[in-house]
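> Position chain P relative to chain D; hints supplied.
These protein sequence lines map, in sequence, to chains D and P. For what it's worth, our numbering labels the leading residue of the first sequence as 46, then goes sequentially. For what it's worth, our numbering labels the leading residue of the second sequence as 120, then goes sequentially.
There's no promise every hint is true.
[What the hints assert, rightly or not] Only pairs whose alpha carbons sit at most 30 Å apart, straight line, appear in this in silico BS3-like list of lysine-lysine:
| id | chain 1 | residue 1 | chain 2 | residue 2 |
| --- | --- | --- | --- | --- |
| 1 | P | K191 | D | K195 |
| 2 | P | K191 | D | K205 |
| 3 | P | K181 | D | K205 |
| 4 | D | K343 | P | K181 |
| 5 | D | K244 | P | K191 |
| 6 | P | K174 | D | K362 |
| 7 | P | K191 | D | K185 |
| 8 | D | K541 | D | K569 |
| 9 | D | K399 | D | K342 |
| 10 | P | K174 | D | K244 |
| 11 | D | K251 | P | K174 |
| 12 | P | K191 | D | K231 |
| 13 | P | K181 | D | K195 |
| 14 | D | K362 | P | K181 |
Hints in this document: simulated from the structure, not taken from any laboratory.
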Amino acid sequence: MTTTEEKSTLMTGAQILLECLKKEGVDEVFGYPGGSILNLYDALYECKEIKHYLVRHEQAAIHAAEGYARVSGKPGVAFVTSGPGACNAITGIANAYYDAYPIVVFTGQVSMNLIGNDAFQEADIVGITRSCCKHNYLVKDVKQLAHVIKEAFHIATTGKPGPVVVDLPKNILTSKADFEWPEKVKLPGYNPTYEGHPKQISRALKLLCNAKKPVIISGGGVLHAGAKEVLEDFAQKLHIPVTNTLMGIGTFNPTSSLSLGMMGMHGGYAANLSVSECDVLCAIGTRFSDRITGNLKKFAPDAEVIHIDIDPCSISKSVRVDIPIVGDAKNVLSAMVNEFDAEHYDINIEEKSKWLQLIAERKKVEPKLSANSGMLNPINVIHKIYDITKDMDAIITTEVGQHQMWTAQLYKFDKPRKFVTSGGLGTMGFGFPAAIGAGIAMKDKVVIDIAGDGSFQMNIQELATCVDYNIPVIVAVINNGWLGMVRQWQERIFHKHYSQTKISSPDYVKVAEAYGALGFRVEKEDDIEPVLKEAISSRKPVIIDFRVEPFEMVYPWVLAGESLHNVLLSNDCPTNKN
Amino acid sequence: MIHTISVLVRNEAGVLSRISDLFSGRGYNIESLTVAPTLDTDFSRVTIVTNGDDKVIEQITKQLNRLIPTIKVMDLPVEDAIEREFIMCKVCAKDEHRSEILRIAEIFNAKIIDVTHRSYTLQALGDERQIKSLIELLRPIGIRELVRSGKVVISRENQFQNIKNI
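Here chain D stands alone, though its shape is the one from the complex:
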């Protein structure tokens, strides 16, 4: 009798995996089945608690999982099969890695006895993904499976978040073991630092108090730490202006007088000049990407730099740092606020007021529209989208290119986790599947993918996913007939040699209809509002084809390799080489 009782508790690897997901609170996953992962899908067939969303391309499954993670704060989960399935997933994994969002990707693999034999649909996915994920596993023993999954979720969601890949040989999914959920993870080599060093925090606080022209840069780390409120409190108490990176959008109220808006290549004039001229720079949760620093040698040349980051590797990687603080943004900022409240340091208010006055003047400087052929202007479209949706608590995703930068510049996000964009990897085709993931995570929210005609066509097949599950994503295609950002570089830097940047599009209205979505075309400014309102109220997948002026440019613009203070504001602006 005892033997049969024992046997009844045995589960297959596939069942164990699903039990683990339930323990981790996962109830929605994205994926695409295939040979090596069939056993998992077979177990899923019996599993009522986990809803699976079938995409049309594995890349989209990973982006959707990331979109889900970005807006919900929970880890996103995806299943893909071995070989081509896993290889298709790589762009998605790399995207989550560079932007530091937690996802766990389960890849099928051929059976252990076939590994290394160049078997059908075999790929060394652990080897291939090693440099583009936070960690990965090849599960070799079904008894280890629960431990591996527990560790995978722990690693993905703690410290600097990131993607974790778990490669599952087919025989692991079929072999049986007792399911035992480990209470704790044992990772002696992995202990992220959350509390900053108190002496460093105190030094940094005093430096900021004494500063005459300080600036804070708020990056994605502030978002992860949930530190928006404490950052706003801190900046107000010390009268310090705050700029944000692309990843840090939504971490500081953009309508505050202390807000400088976004900095970097297409950041604001006031933001970039302030960073260039500041005497103390406090960077929080940013890795100083080349897209925000411009020419490193001329980056904030007079500043003493404080860098707060949970990842020690980010510190002193590109920008020299005077006061490094490894820790969680919220903990460090809270410690600064507490010390400030207790000690009442003088904040050098006179100098700081002068600095803020100068900034207020500079904030009035805005770029001009570059093209005016009488066609719908893309910048006005994005303004209008903002005006119409600003009180709807909408989620905006973007693809990569001009429309992305205009959205980042013009849409005033006053909350974190409302703007979903591919920053580090710059993945065209990210926005639409990410919007699907976001729509699934936040079912009652308005979700708009502001897309370019080039980017949208990279994952346009996901319309089928969107329609199947009736996820009311609105794809606002800023259709200018060009790969706009590349064309912009060709115009300014490559003597208008428009090499391979003119791109055609299908009739998006017909495409929408063919897939069973709603399609609209907008060519006049007056039509934007009624069409967008109709799209929003339909609660269906919608494509809106905005036919816009082809030659509009993104300004302000700091050319690659230039110093950050060389901000170009229009086509007429001379390129300042100083």
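Then chain P, alone, in the frame of chain D:
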């Protein structure tokens, strides 16, 4: 600047690739790399000789630390480390050179481990300088084959650590 970095890692499949991929992916140099289990076979010791300025070395140690199986990373300064490398070297041994080779071997405490009419094979152990000198002395005679183990290091115990102000 040459640095010797000692990395204690969990002894698991793929850990060496994680380290070597990190070096190639980020453009760091590896001069030599050795790896073997420690006394506790759950762990392995990887010794990497690399070069770079202070900024690069700082990044290397941080990036190594970031790997999940990494337990500890030590960048050992020369004065705090005892370093050794083992080599085996096949040298042409014509009649006129045979006694010269033996003399050199004796000076460096090297052993002849194989001998033919045409060659001697030596084994030698030493720090970087000794190994370099030995090779340079044998080179004009004619080295037919050279196999080096790569450097391993161990930290030097400080015999004065409990005595202050001396």
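> Out of the numbered hints, which ones does the structure contradict?
none
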